[in-house]
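Chain A is already provided as a structure; the job is to place chain B on it using the hints.
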Amino acid sequence: MNLSLVWSEPAFPAWGALAGAAMLLGLESRRRGGIFELAALAVLVPLAGLIAAQPEARLERIALVIGLAVATLARNRESLFQSECALKLLWVMGGALAFSCAGLELLILATGTSEPTEQWAVLEMGLDPRFLWSTALPLSLLIGLVLLGGAPFHFWAADLFQGTRPWLAPLIVAALQVSGGIWVAQRLSGIESFPPAARAIGYQLEVAAFVALLAGAVTLAIQRRPERRVGTLASLNGALVLAAIAATHSRAGVAHGPWAIGPWAGHLTLALAGAGVLACFAQTSTGASAAGPVLFRRHPWTGIAGLFALASLAGVPGTPGARLWLELARSLASAGKTWTLLALGAAWLSAFGAAVRQAHEGFGATGSAPPPERSVPWQARAAIWIPALGLLALYAMR
Amino acid sequence: MLRRITPRIDARVAGGLLCGVALWLLWFPSLLTSALGIELLAAAFFCWARAAKDSAAQVPRWAWLRRPAVALWLAVAIQTLSVTLEPGSEASNMGRTLEVLRRLEAIAIVWAGLELLAALPLTRPYSDLPGPFLAVRPWLPILLPAAGFVLLWRQAPHWITVAEVRHGAALLLLVTAVLGAIRSFSRRQWIASLRWIAVTDSAMAALLVSSGLVPEMSSFLLWLGACGCHAFMLAGELRGASPRRGQLLTRLWRTASWMAIAALSWTVLMTSGAGVHGRLEPVFVLGISLTAVLTAWITVGRMVNAPERRSLVRRDQAINLSHVVATAIMALGPIAILMAWWSGFEPSWGRSLLALLPAGLGGLAAVATRQGHGRALWSRLQGWEALMRRGARALFRMVVGIERLLVTALGRATAALSGPLHDLHTGDAQEYLLFVIGLGVLAVVLPLLQ
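For the protein sequence lines, the chains are A and B, in the order given. Numbering-wise (the numbering used here), the first sequence opens with residue 41 and increments by one. Numbering-wise (the numbering used here), the second sequence opens with residue 6 and increments by one.
I should point out that these hints are in silico values taken from the structure, not numbers from a laboratory. C-beta: ideal position from N, C-alpha, C; glycine also. There are no misleading hints in this set.
Chain A is faced by these chain B residues, among others (derived, beta-carbon under 10 Å): (1) Leu37; (2) Ala47; (3) Ala54; (4) Pro65; (5) Ala68; (6) Ala82; (7) Ser87; (8) Leu106; (9) Ala420; (10) Ser423; (11) Phe440; (12) Val441; (13) Leu444; (14) Val449; (15) Val450.
Which residues of chain B face chain A? A few of them, derived with a C-beta cut under 7 Å, are: (16) Arg55; (17) Ser60; (18) Val64; (19) Val75; (20) Leu86; (21) Leu90; (22) Thr102; (23) Val105; (24) Tyr437; (25) Leu438; (26) Gly445; (27) Ala448.
Here are the simulated distance ranges between beta carbons: (28) Glu96/A <-> Thr166/B: 48 to 56 Å; (29) Arg244/B <-> Ala433/A: 47 to 55 Å; (30) Leu422/B <-> Ala93/A: 40 to 48 Å; (31) Ala433/A <-> Trp347/B: 50 to 58 Å; (32) Val247/A <-> Gly280/B: 40 to 48 Å; (33) Gly107/A <-> Val105/B: 39 to 47 Å; (34) Gly302/A <-> Leu422/B: 31 to 39 Å.
Isolated chain A, as found in the complex (with noise of 0.2 Å):
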């Protein structure tokens, strides 16, 4: 048995969201009566061997992981925000693989071989026309920025985490944007060697993640529901990838040392899981005063378990996520992308703000309110320490 699967920093990450999920359904499904329910891991566990094992990206792969999320989605059919959900992925996930697949066998018309290093030998010899690769390039990483859900496309994450199952979203959201960043990443491994490449491409990545982080500022600034905040958080952490795709890609067509895809994901995943199960529990902000919800008021640690694990996707300061943010910013610092690094500011800012806002808006604007008398079920507070835990392991490997 290969041991990465299960100790490496995206393997056990993986297989604690894993545990959260299942106790999650379990609940779920005795809730419902219904043992069929517990069929829905035979779904959550390929995703969660697919951060863990973080394999060669593949279009077809990529195809199958979209296709398994929106299957499951359309599964449950009396929701209709989860069938909304499946229906906005299938179209904007099967139209950009539709645009990605036509740009990269473009490149492979123009190369004849499909593997990303030879492509750029083989384009380094001037051969072939310039547009024609500095059209398929762009095309080909389309379902990446897609699947980084990156603004303009922030939606799907926040649309995911508001609109299906606790147990479900988190590891779908991790799944499609760590197969995206591995996409992209693996896309551009070797573009150093044809500079003209890596010069437009570096530029372009930069400018989707100075807007990417931008438009997250901003949208997570206005958002009220605290799912959609955790779905634009994520969606922010999706746009940490592409500026550090940018970075290492800089203008002057110089590697700037690899950002690691790895931790990242293995973070991403907790953080989602613990923070995914937290939104459930909180309440939309109103801006008037109201007593905390239920979690809080009778189970204020497991309430600043889940704030933690919301808190380190924000990057708050002493939170694990706080490093990745910072290493990035040290990235583009040192490629000397002001702008990137200035957008990435305005991101953190916005995200440590709605982490906070979040706090307060648990422990509730009044504490005077009694502790109410129902108790939050045990599995479902098990759901959020153990991504609590995971993230403090994560941080104590580091």
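Using the frame of chain A, we list chain B on its own:
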């Protein structure tokens, strides 16, 4: 189980603890501890606000305290980033990035300090309102300008070295000092006046820090003398107006306050006239002089002996804490100026005497008004004071109104600009498909057009 073993801490006590730790952390020169301190201060106000009976009003009222904390966290992040960057690669385009970061760090620190000092148009009138904690409500807002000054004073090396930031901050501080004095003058209540004088003291002391011409400790002692004096007087008001009990004590506090204001305004005037503000020097000198006249007039003129209403007068000690503190405050100003002189701050005699005039005149006019009570001239002067107070109130409201108008307009413009982003986030599935197709077509067409 965990719930059972966790002791329930009263929100008021928790707020007090948080506030104490916050002030302790602010004392350290590290930016991280300052950020943590302001964050804890915001948390303390949140704790008190949600425990208050009128929590619906208190929680949103003090929510702005998160803004200075966020600004400081940004400064911490920039500092951490700058420290970890490789120093060898500054020659490349990273040098420009580092320069931008340095300015941004200075702006973030100054933003935090100025907002706490009521020097930004966002939350200027907070000192008009009492704080959220019932027991010390009227006193509580004084903590904020104090925290703002300590922050700017402690983190001075990060922002006074950036010329544009320093000049901008100095201008805002001058406006705050003048507005604080005008507002204090316009308020009838002695407690409300004291809160605004504390804002003015802190703004003037921060102005002194921005000049960078006197040693750090001198600036601090001058601020401690002025702001500490008014904070103690305010605290005393909440404990039976203790600084105004008895003729001797009243006179002692009046003198201490006058001396503290004179020492602070004298030093600020001397540094403002030393060419640090360029062409705006006359504006600064005029503004500080006006502030000194008004604050001296208020503290000397309005501090009256509290009448004894108890039938059986309690026997107090001949010398109590109030006497000791007032005497110490009187000593602080001269000590601070002596320290500045010792470190090379040597202004000319003529200018020094001129710089003493505003505070001296303000105080003397107040004394003369009180001594001449009943005479025609002074009675007329008191009538004018009432008229001027109304004028001051109108002026302050007009300035704050204009500021609010500008901030609201800016907020609306931002909302209008970010509106389309909100729409993008909540569209229909078909719209997103069209959007992806549009983007794909754009990717095909753009390279062809190049």
